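J.: From first to last, the protein sequence lines are chains H and F. Counting in the working numbering, the final residue of the first sequence is number 326, and the numbers go up one at a time with none missing. Counting in the working numbering, the final residue of the second sequence is number 1345, and the numbers go up one at a time with none missing.
Calculated from the structure, these hints are not laboratory results. The model shown is predicted, which means the values in this text are computed figures rather than measured ones. Any given hint could be a false lead.
Dumping the calculated DSBU-like pairs for lysine-lysine here, alpha-carbon to alpha-carbon at most 35 Å [what the hints assert, rightly or not]:
id, chain 1, residue 1, chain 2, residue 2
1, H, K136, F, K1173
2, H, K320, F, K1173
3, F, K1227, H, K320
Here are the chains, one letter per residue:
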Amino acid sequence: MSTTSAETALVPARTRDIAVAGRTDSLRDRMGRRLQHGGWFIAPFLALFVLFVIWPVLRGVYLSFTDANISGVGANFVGLDNYREALDDPLVWDSLGHSAYFTLLVVPCITVLAFLMAMLAHHIERAKWLWRLCFFAPFLLPSTVAANLWQWLFNPGTGMVDHVLGIETPWLTDKAYAMPAVVICTLWWTVGFSFLLYLAALQAIPDHLYEAAKLDGANAWHRMLHITLPMLRNITGLVVALQILASLQVFDQAVVMYDFQPGPEESTRTFVQYTLEEGFTSYRVGYASAISIIFFVIIASVAFARMWLLRKREEGAR
Amino acid sequence: MTTAQIPVKSRTAKPWTPSQIVLTLLGVVVSLVWMAPLAWALFTSLKSETEAVEVPPHWLPKAWTAQAWKAIFDTGNITDWFVNSLVVSVCVTTVVLVVSALAGYGFARTEFRGKGALLALVMTGLMVSPAVLGVPLFTTVQQMGMVDTYWGMILPQCAPAAMVYILYKFFQGIPRELEEAAFIDGAGRWRVFFTIVLPLSRPSLAAVGIFTFIASWNNFLWPYMVTNNPDLMTMPNGIATVMNSYGIQWAQLMAGGLMAGLPLIVVFVFFQRQIVAGVAHTGLAGQ
């Protein structure tokens, strides 16, 4: 941000004149005037942001050092006990593993699927609106509705999936299939979003690149390999990053498909689910806060890793 | 986006090349697979409860009946949930639009002490969500006495760092000359904001509004945490908790699910271009 040039360009002419001509205006006055403008614009957001983002984070940090329960009265300071307990808690590691496993399955599948569907929708010349509608529509359903629907589709006996495929897979009752069932539901439900991002990126590739390549005798495969894929690199980075962050926070589909239980042999208990169980079922708000903070650090590291990678690439490009 | 505007006549001009035939067929197959679950939900909702659970399952109802649809309106509080969803989503969308447009402009075009630090703080806020810090957020809202209230459902959804960031980026892209000209003519900051900046940013505001509405209508986790009273629940929450609690009635559950999902899908059919642009725009802003 080039603050200095921005200031001169931004400050209304009148104020600028005063600032230049009359040194009588103290620095504080000028700052005050700007603060007033900027402050008023940002104030409403800031109020909500402090109340519902900053304060809960600080409160979470504070609570994580106490043995607070849900009522909030009589909390004692317990130092690092909660964190120590979390590191030894097998359920923390299990649930973290389940969320990670889910992420590992979803991210590559969704990226590839979204890309293929976007290529398809981009290259079919007729009824473009139809493909967009069909591929994107599930994204408009609430997560819980998508989950109920797939619970119904996977239901033993009456389930359409097994019936259509002529198989008898114990989707919702066997540990090996429990998480993949959630993954399939998630793919169907959310691929539309990444699909739209890819489609927008495909449409943004200038036609002349392809025409030039055609003149040079590149066939369709080469054009895809040397134009389409490199031009989609940024969007792929974005899709993967957004999906990793969203998938680590998976909760809705998993709990609804397994009736708010941890799934067969507790194989689908996600990390978010575990924090809520600790907080609202066991009423251990202090401990739940501690593991939430750990989770927050994990999410933030992923986000910062992406920023770092982007910056490194930008520097490399220069 | 331009593709959607191609007039009908151009359709006749396109030849059916072999590759187009293959691609179109492939598109039809994938579309059918993608639509089949929705069709299954619809057909299930039009069966009687006993027919719905017949083994083996069959696609079309043998006896079409609106029993399940009638039942959800007669017995449950699904109309309450629908109204609650509408109230919450409309309020959240309105507040988010106002608040994030103001803040985005404030960050893009005004100077004040601590702006850089504040912007960094907002960026960190991108990583906070009810999924990550649900328990501390709940106790905060509990302290404010807003559990089981509309306020408790609405306000925590109204501080979207992401939307502020998107509009901040957009406002930065508006040529300064437009605003400067107005300043020279003696217009104040607020007038410039309302008469020049806002009209120019209509597509971005629409994108943010559309995305916020979809996210809020479909939001499950936060309303689930903050409401226990079935009369206050929103559609996703009511369907997932109340309708799932006493032995699932599949036909009714599917009818309820469709009622929660169909409004957005119908709206999508009519405003496809704007919604596609909105979602893509909002997503792409993360680049």
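J.: State for each hint whether it applies.
T.: Verification of the supplied hints:
The hinted pair formed by H:K136 and F:K1173 fails the criterion: a straight-line CA distance of about 44 Å is larger than 35 Å. In summary, the hint linking H:K320 to F:K1173 is supported, as the alpha carbons are separated by about 25 Å, within the 35 Å threshold. Distance hint between F:K1227 and H:K320 is fulfilled; the C-alpha atoms sit about 21 Å from each other, no more than 35 Å.
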